[in-house]
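> Each chain is listed here by its residues.
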Amino acid sequence: MNELNTDVPQSARVYDYWLGGKDNFPADRAMAEAIAQQVPSIRAQVRAQRAFMGRAVRFLVAEAGVRQFLDIGTGIPSAGNVHEVAQELAPESRVVYVDNDPIVLTHSRALLSSTPGGQLAFILADLRQPESILDDPAVARTLDLGQPVGLVLVGIMHHLRDDDDPQGILATLLDALAPGSYLVLTQSTPDFDPEAMRGLAEVSERGGIPNVPRSFADTERFFSGLELVEPGLVPLPDWRPDLGPAQEGGQSYAYGGIARKR
Amino acid sequence: MAEFGSDRGGPTVQRMLVGAKLRRLRTDLGLTREQAADHIRASAWKIHRLENGQVGFKDRDLRDLLDLYQVEDPQEVADTLAMAREANHPGWWQHYGDVLPAWFRAYVDLESAASLIRTYEGQFVPGLLQTDDYIRAVVQGAHLERSGEEVGRRVRLRMARQTLLTREQPPRLWAVVDEAALRRPVGGREVMRGQLERLIDATKLANVTLQVLPFAAGAHPAMVGSFSILRFPDQELPDVVYLEHLTSASYLSKTEEVDRYLHVMESICVRAAPPDRTAELLGRILDEL
Chain A
1 MNELNTDVPQ SARVYDYWLG GKDNFPADRA MAEAIAQQVP SIRAQVRAQR
51 AFMGRAVRFL VAEAGVRQFL DIGTGIPSAG NVHEVAQELA PESRVVYVDN
101 DPIVLTHSRA LLSSTPGGQL AFILADLRQP ESILDDPAVA RTLDLGQPVG
151 LVLVGIMHHL RDDDDPQGIL ATLLDALAPG SYLVLTQSTP DFDPEAMRGL
201 AEVSERGGIP NVPRSFADTE RFFSGLELVE PGLVPLPDWR PDLGPAQEGG
251 QSYAYGGIAR KR
Chain B
1 MAEFGSDRGG PTVQRMLVGA KLRRLRTDLG LTREQAADHI RASAWKIHRL
51 ENGQVGFKDR DLRDLLDLYQ VEDPQEVADT LAMAREANHP GWWQHYGDVL
101 PAWFRAYVDL ESAASLIRTY EGQFVPGLLQ TDDYIRAVVQ GAHLERSGEE
151 VGRRVRLRMA RQTLLTREQP PRLWAVVDEA ALRRPVGGRE VMRGQLERLI
201 DATKLANVTL QVLPFAAGAH PAMVGSFSIL RFPDQELPDV VYLEHLTSAS
251 YLSKTEEVDR YLHVMESICV RAAPPDRTAE LLGRILDEL
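So the protein sequences, as listed, match chains A and B. With the numbering used here applied, the first sequence corresponds to residues 1 to 262, in that order. With the numbering used here applied, the second sequence corresponds to residues 1 to 289, in that order.
Bound conformation, chain A alone (with noise of 0.2 Å):
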């Protein structure tokens, strides 16, 4: 995992395409023209996924009163990073930085800086491997897991197969977390186009990426045992439109939803 391979596509650096990066590879850039081949809208799709994540945060910081945050699967710095939302609203917000590529990691300590009154960490480690994550030192110097933490996992689930055992990570990623902490998750879904989607997961798995469409139900379940704020899962979209600057048109194929732990 620490070795940088640019032959093979990888998603962090798909998304950065999507969204008008430039830190991508041809490997990258090809499977991502062939997602938008079968999925024409997936550029709008990307970015209501990043307005979702700003408004899921601001709702953190503003109405719950949440001031640390474990964000897997960061991706390569764009705009709206969870901490510059965080910050705006709280300067003193902290927030621990996970991803599986070294690019993201390299870029997230080098583009990414805290106001004086917060933190930042970055750990090079994997969803897969929750236990990797909470045992790094760096969690324990950033975060003080005695107090309600935000777990941001957005565009992430559709990367971990049942094999992976979604549930499993879940629970033991929130049984680190102090009560009153929330669940912030996305996960892409066929229930509105399940041709393009079902499309998307051919040409993301040939290249490598695991994707996994969910139901409404099977996404349902990962907040079990959690309070699913208002107004619960929903399209991205639909989620507290107020919160954030007005939404693209179009149909979305994800759902997201908060939730808080008891």
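Treat the hints as calculated values from the structure; they're not laboratory data. Some clues are possibly wrong.
[To be verified] Restraint-style ranges between C-beta atoms, simulated for each label pair:
hint, chain 1, residue 1, chain 2, residue 2, range
1, B, R193, A, D175, 48 to 56 Å
2, B, E244, A, G168, 51 to 59 Å
3, B, L243, A, S132, 34 to 42 Å
4, A, G146, B, L243, 49 to 57 Å
5, A, E195, B, L205, 50 to 58 Å
6, B, R85, A, R198, 49 to 57 Å
7, A, G180, B, R156, 58 to 66 Å
[Stated by the list, open to error] No farther apart than 30 Å at their CA atoms in a straight line, the calculated lysine-lysine pairs in the DSBU-like style are these:
hint, chain 1, residue 1, chain 2, residue 2
8, A, K22, B, K46
9, A, K22, B, K204
10, B, K46, B, K58
11, B, K204, A, K261
Every residue, glycine too, gets a C-beta built ideally from N, C-alpha and C.
Following the hints, complete the assembly by docking chain B onto the known chain A.
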């Protein structure tokens, strides 16, 4: 379109900006270079050069092209014309023309328009972070200038270039420096001491990221030589790779070439010590000087 205030980039990039816009407008309409060329009584080659920002624009040609490309909003036409006119104006570096070869002028121009400057330096401290004593020692050591006056002007030029980092809306500098460049006592111990202290100060700047590539990293993909990659605020502009040679420089902006250099840059950033360790490493090198 990107901002293009007079301190945000000289002619070269302004032209690149106007050219990139023209290319986008033309291809959006599915027009060939030949069709565009016919419209302004020129060759397809001329269109190619205009779109690459390699030549200046005449008002009339630009108006005719915008007309052909169905740009009807008078404000947009006026803005584009203004931008093209600005592109024909000299940058601040013109004052240093006689000590600044044309190939380096273009670099200074591009650098001042960049939003992100990534650089790998194997032998020198990065130019934007050099002290005047260090610059003087480099210029004298290379026997680049004969008279003391010329040395002085070259030093002032370098210093003028450095104001880039402290202007309003400065670019971000992300530099990887080989340990060799930090251990070589350019100008002697005192000069190097001052230079290392300057680097330690620079690590505190919000828009400067410095990573040390230690000897312990062993062989690495950038050993072949120093290079920079410039990124611009306008998404339509390609990243530009800059390679400096003794008597000339290369500018690479073809996707395949940029990809190769970006890969090398990413590789050495992964291998180099993380930026939060830089001040400590520089302090150690300073102690051992």
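> Now look at each hint and say whether the structure bears it out.
Hint check results:
Under the hint 48 to 56 Å, the C-beta atoms of R193 of chain B and D175 of chain A, about 53 Å apart, fit the expected range. Here the CB-CB span from E244 of chain B to G168 of chain A is close to 54 Å, well matched to the stated 51 to 59 Å. Roughly 40 Å separates the CB atoms of L243 of chain B and S132 of chain A, a value that falls within the hinted 34 to 42 Å. Separation of G146 of chain A from L243 of chain B is about 53 Å and conforms to the stated range, judged on CB atoms against 49 to 57 Å.
E195 of chain A and L205 of chain B have their C-beta atoms about 52 Å apart, which keeps the hinted 50 to 58 Å range intact. Here the CB-CB span from R85 of chain B to R198 of chain A is close to 53 Å, well matched to the stated 49 to 57 Å. Judged by the Cβ atoms, the range 58 to 66 Å given for G180 of chain A and R156 of chain B holds: they are separated by roughly 60 Å. Distance check on the hinted pair: K22 of chain A and K46 of chain B sit about 28 Å apart at the alpha-carbon level, within 30 Å; holds.
Distance restraint check for K22 of chain A and K204 of chain B: the Cα-Cα separation of roughly 27 Å lies within the 30 Å cut-off, and the hinted pair is therefore satisfied. Restraint check for K46 of chain B and K58 of chain B: satisfied, since their Cα atoms lie roughly 12 Å apart, inside the 30 Å limit. With a CA separation close to 39 Å, the supplied pair K204 of chain B and K261 of chain A exceeds the 30 Å bound.
Violated hint: 11 only; the structure is consistent with all others.
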